[in-house]
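Peer 1: This is what each chain is made of:
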Amino acid sequence: MSTVIRGRAHVLGDDINTDLHCSSKYLPGKDNAYIAQHAFEQLVPDFPARFKAGDVIVAGKNFGINSSREQAVHIMRAMGVAAIVAASFGRQFFRNCINNGLPVVECDITGIDQGDEIEVDVGTGRVAVPQRKIARTVAALPAEVQAILAAGGLIAFLQKHPDWTLERVSSDR
Amino acid sequence: MGSTIAEKILGHHAGGKTVGAGDVVVAEVDFAMLHDARAGNALKMVEKLGAGQLPFASRTAFVLDHYSPPPHPEAANTHRAMREFADAHGAVLYDVGDGICHQVLPEGGHFTCGDVVVGTDTHSTTYGAFNAFGCGIEGTDLSAVMMTGKLWFRVPETISVELKGQLQPGVWAKDVTLTLLGRLGAEGANYRAIEYRGSAVAAMDVDDRMTLANHAAELGAKAALLEADEKTFAWLKARGARPPRPVAADADARYCERIDIDASRLAPQVARRHRIDDVVSVTEVEKQKIQFALVGTCTNGRLDDLRQAAAILKGKRIAKGVRMIVTPASRQVWLAAAREGIVEALTAAGASVEAAGCGTCVNITGHLITGDDDVVISSANRNFKGRLGNAKSDIWLGSAATVAASALTGFITDPREVAGGTWRSERAAA
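Residue numbers (our numbering), protein chains in the order written: chain E, 1 to 173; chain U, 174 to 603.
Don't read these hints as lab results, they were simulated from the structure.
For each residue, glycine too, the CB sits at the ideal point set by N, CA and C.
Heads up, a few of these hints could be off.
[Unchecked claim] Where chain E lies over chain U, by a calculated footprint (3+ residues, C-beta under 8 Å): (1) 200-209; (2) 268-279.
[Claimed, not checked] Using 25 Å as the maximum straight-line C-alpha spacing, the simulated PhoX-like pairs for lysine-lysine come out as follows: (3) E:Lys-25 <-> U:Lys-221; (4) U:Lys-460 <-> U:Lys-558; (5) E:Lys-30 <-> U:Lys-460; (6) U:Lys-487 <-> E:Lys-25; (7) U:Lys-462 <-> E:Lys-160; (8) U:Lys-565 <-> U:Lys-493; (9) E:Lys-160 <-> U:Lys-217; (10) U:Lys-217 <-> E:Lys-30; (11) E:Lys-30 <-> U:Lys-558; (12) E:Lys-25 <-> U:Lys-558.
[As the list claims (entries may be wrong)] Selected chain E positions facing chain U (in silico; Cβ < 10 Å): (13) Gly-60; (14) Lys-61; (15) Ser-67; (16) Ser-68; (17) Thr-110; (18) Gln-114; (19) Val-145; (20) Gly-153.
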């Protein structure tokens, strides 16, 4: 199974709080469709209009810090975010992405620009922007995490493997 | 190579394996917690998982603490759904007014030393005060635990923080954490566990140790672990917890960073408005006027915090123009404070003592609305702009003693400069 994702990069800055920019924590009563239409617009005004399904979010350090509502990841999945590449992630946000089948890669993002065609391979741990001759190797996600991602998230994984056959899956590789 | 506390606890719970930082393990969970602010999402995830049987429900507490009391019908309906779900599946229920999740879980004797405890809240690190691996999770995680009793974890690297010497009277665990936040920055321990050790930790009572473990969440810590001692064992035994399985780090454990702090040199600290890591000594900002003083929350709403406030305010009156709210962390804390005359002393001094709950930590219930340019001094854990509902007001953070001393004078005040401000518990002083 190929694990390579190709998409257009949308660049965001450091310390992005997804509770603030992609959840209803501060917009009580608003549904996911409404929030998706306004996601990250306070940071990049035309972000929701420009973002197309299959695109990749590229961000600086601590993407998704603080209490990190899982809803942010549900909304990003609904927006069609194919992967997120960031210098680092908030811990709970990283978990939420894995649990909801959204590939996340921790990687130096220097030189990656808005609109670049980016390739992300979570299986081998590779991030590349061929047009800029950027090719970076990062730690591949552990096989256990890849198994959850491949299933489409933790719930789908447990529906197939209710006894957490995760380790056996990893030793088969 | 030896192991850290986090490596040992997660290894024990992953079938007795030896594990190291960076490994991903599937570990047995001993107890889980869901609070009302995350229940909507979590119960949806349980439904999505389609689990008919939830064998772990009897080891899961549902805690109605954030929307306490519920400010709108949606919150009241969430509470209703949680009560019905808990009743149908046999989960443990803590209702409105019983207290904050991180207080009622240990008080209820639901876990012991060496356990893995997860909760839908970043401050689940609190359980580390009892030598348990306490860790924040989200709704999908909780649904997995309720169905299978297990969860995946990445084993964290650990920072060792040694507090040498002794804290001076008037200086508390809150001041230690604020000092660390000033040094490491918010999220400075992101992904990592912290082990707290040293003579000043050994001298702390359980209430202050809980502050230390709880407030590590602001450092971004995944878990904050203390070694267990006789104080830990006696506290847990008195609350009916299972026999402890204490876990100590090996002498040759591998730490990603070691920080030594001379506790005897620390002074009361405050985090200035908007940033949890903009930390200065109280004495540097004593001209700062305040309009609101808050004692409470999962960080500093315990009996020793209320005792600090009462030691300063008993027989006095808070400054004119200051509103003070005190929210005990739990019903048990409230009752103990009433028995000791603390509720009376604080109420007579001009404070409003509220029912137990998350209180005025964040503007959820709407019962603390600040005006433009108002300044709040709070014993809470976060001071983000607008957290109390008005982005034009400022929130500063300090210990309960600093909050009470400031309420007394109307300005941010070092508790050591007012009578009663150097109160410390008898056991810690002994």
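Peer 1: Please go over all the hints and tell whether each is borne out by the structure.
Peer 2: Do the hints match the structure? See the list:
Counting residues of the segment 200-209 of chain U whose C-beta sits closer than 8 Å to any C-beta of chain E gives 0, which falls short of three, so the coverage hint is violated. For the segment 268-279 of chain U, the assignment as covered by chain E is violated, since 0 residues bring a beta-carbon within under 8 Å of that chain's beta-carbons and 3 are needed. A hinted pair counts as satisfied when its Cα atoms are at most 25 Å apart, and E:Lys-25 with U:Lys-221 qualifies at roughly 22 Å. With a C-alpha separation of about 21 Å, the suggested pairing of U:Lys-460 with U:Lys-558 holds against the 25 Å cut-off.
Proposed proximity of E:Lys-30 and U:Lys-460 is contradicted: the alpha carbons are some 42 Å apart, above 25 Å. Between U:Lys-487 and E:Lys-25 the CA atoms are separated by roughly 39 Å; this puts the pair beyond 25 Å, and the hint is violated. Simply put, U:Lys-462 and E:Lys-160 have alpha-carbon atoms about 60 Å apart, too far for the 25 Å limit, and the pair is violated. For a cut-off of 25 Å, the pair hint linking U:Lys-565 to U:Lys-493 stands: about 22 Å separates their Cα positions.
Proximity of E:Lys-160 to U:Lys-217 is assessed by CA-CA distance (about 19 Å); at most 25 Å being required, the pair is judged to hold. At roughly 17 Å between alpha-carbon atoms, U:Lys-217 and E:Lys-30 fall within 25 Å of each other, so this suggested pair holds. Of the pairs offered as hints, the one joining E:Lys-30 and U:Lys-558 holds, with about 22 Å between alpha carbons and a cut-off of 25 Å not exceeded. Under the criterion of a C-alpha separation no larger than 25 Å, the hint pairing E:Lys-25 with U:Lys-558 is consistent with the structure, at around 14 Å.
With a cut of 10 Å, the hint placing E:Gly-60 at the interface with chain U is violated, because the nearest CB-to-CB distance is about 13 Å. Among the interface hints, the one on E:Lys-61 holds; its C-beta lies about 9 Å from the nearest C-beta in chain U, closer than the 10 Å criterion. Because the closest C-beta pair between E:Ser-67 and chain U is about 5 Å apart, less than 10 Å, the hint holds. Using the Cβ-Cβ criterion of 10 Å, the hint placing E:Ser-68 at the interface with chain U is satisfied: the shortest such distance is roughly 7 Å.
The criterion of a C-beta within 10 Å of any C-beta in chain U is not met by E:Thr-110, whose closest approach is roughly 20 Å, and the hint is violated. Proximity of E:Gln-114 to chain U is violated relative to the hint, the smallest CB-CB distance being about 25 Å (cut-off 10 Å). Below 10 Å, beta-carbon pairs count as interface contacts, and E:Val-145 has one with chain U at about 6 Å; its hint therefore holds. Using the Cβ-Cβ criterion of 10 Å, the hint placing E:Gly-153 at the interface with chain U is satisfied: the shortest such distance is roughly 7 Å.
Going down the numbered hints, you'll see the structure goes against 1, 2, 5, 6, 7, 13, 17, 18, while the others check out.
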